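Visitor: Okay, here's what each chain looks like letter by letter:
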Amino acid sequence: MEMKNLYSEWTEQEFVNDLQQKKKVAETAFYNYCRVYFDGCSYTNFPKAIGDDSLFDDSFMTLWTEITSKKISVIEGLLCRRDDEGEMRQMTSSLRTFLIGIAKNKYKEQLRIDGKKDVPMSDADIMQILGRVVSTPTNERTLREEIVAQCVDTLPPGCRTILTAFYYEDKNLDEILNSSEGFNSKDALKTRKYKCMQSLKNRIRFRFERYHLKLSSI
Amino acid sequence: MNEEQLDRIDSYILHKMDDVEVTAFEGEMSADESLANEVRDTEMIVEALAERERKRQSMEQFKSSYPLYKEKVEQLEAERNAAAYQAACEAAMPERNVACSRDYRERSVASGNRGQGWKWLSAIVGIAACVAAVFLLTLPSAEKSTPMKSAPEIPTIQEGERYNPSFKGKPKPQGANEDSEDSLKNDIIKKKVRGTTE
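Top to bottom, those sequences are chains A and B.
All letters in the first sequence, in the order written, are residues 1 to 218 by our numbering.
All letters in the second sequence, in the order written, are residues 1001 to 1198 by our numbering.
Quick caveat, the hints were computed from the structure, so don't treat them as lab data.
The structure displayed is predicted, hence computed values, not measured ones.
Heads up, a few of these hints could be off.
Unchecked claim - Dumping the calculated EDC-like pairs for lysine to aspartate or glutamate here, alpha-carbon to alpha-carbon at most 16 Å: (1) 171(A) / 1010(B); (2) 195(A) / 1003(B); (3) 22(A) / 1047(B); (4) 1016(B) / 1033(B); (5) 190(A) / 1007(B); (6) 201(A) / 1047(B); (7) 70(A) / 14(A).
As the list claims (entries may be wrong) - Looking from chain A toward chain B, a few residues come up when the C-beta cut is under 8 Å (computed): (8) 17; (9) 18; (10) 25; (11) 28; (12) 64; (13) 68; (14) 149; (15) 153; (16) 168.
We treat Cβ as the ideally placed atom computed from N, Cα and C, and that holds for glycine.
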């Protein structure tokens, strides 16, 4: 087994740069880097999710998307993340601690959905780790891509399945209808696809307005 | 944007238009900025969907290779620990170069055995606890099933008597322990009987 993907060969800054360049070896190493840490923390932090990979998968995907969409970047050798005002702030935690923060929020959300309403919902865990402003973004296209990626990442699973099958797997509506349950007719599926797309665009529009971006057609 | 417009954009993005339709559509786009923006934004969404799907597929690969990786890392960790121990051991006792590596192996084995010992001990304690619990649970029911015995005779201490814990029978009347004619007779009879048997 080749051990090039031993994560100790990377610093977190190098991980971020290599992931943004889509280097496969770095992606594998970053997965292992995060997974080892997550496994060590999960027993105390997520006792009700032991043996369930979906919490790690979702959290890791969110972190990975934040890096590739450049919401998390390296600026002047520092790990930075864009805050809600659109400013890049230095991160005061490691990426692995940040991953645990994401997972905690998802875990709380899941518990809340499961009916345990006494669990408070807040983004405090994530906001706490952002420090001083490092720079203000000027690349509008990057910010647009980042927002779109995040909105796609948080699509409801049903919508994501339909849109992925149609746009990525290049399946037509008849093929999707045959492979999925819950649709009586092609028209119903077509309407659902249209509504999913509209809903996604509305969310993207809302986020664009929040970041004071010039609206396009969305 | 209506459903029909989305259909046309989809056809354009997914290359399902022929050349004539493409030319006509691109002409429309250059004349209508909102349509051009709509196409651009839909393309951005499609790219994001593709990127996410690529990541999801990669994650499946990472997940399948992770156990092997973890095993290898643990093995490397153990080797690193052994080397560190040997280096420290040799530095402390240069005359024991060979013994240091053996020491480490023995320590590892001993710690492994110690772990096994705890397992055995906890298993034995567990079994003993189960047996005790079963015994205690069955005890009251056993008592119920056996008939009540009459209470044992409790010796009473008469007024003026001294308490003698070794005493089992009824208290003798006062003066019974003193030498009397009856006891002398009894002694004589016993001596006679002994004399005949011997």
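Visitor: Give me the numbers of the hints this structure contradicts, sorted from smallest to largest.
Guide: Those not satisfied are hints 4, 8, 9, 10.
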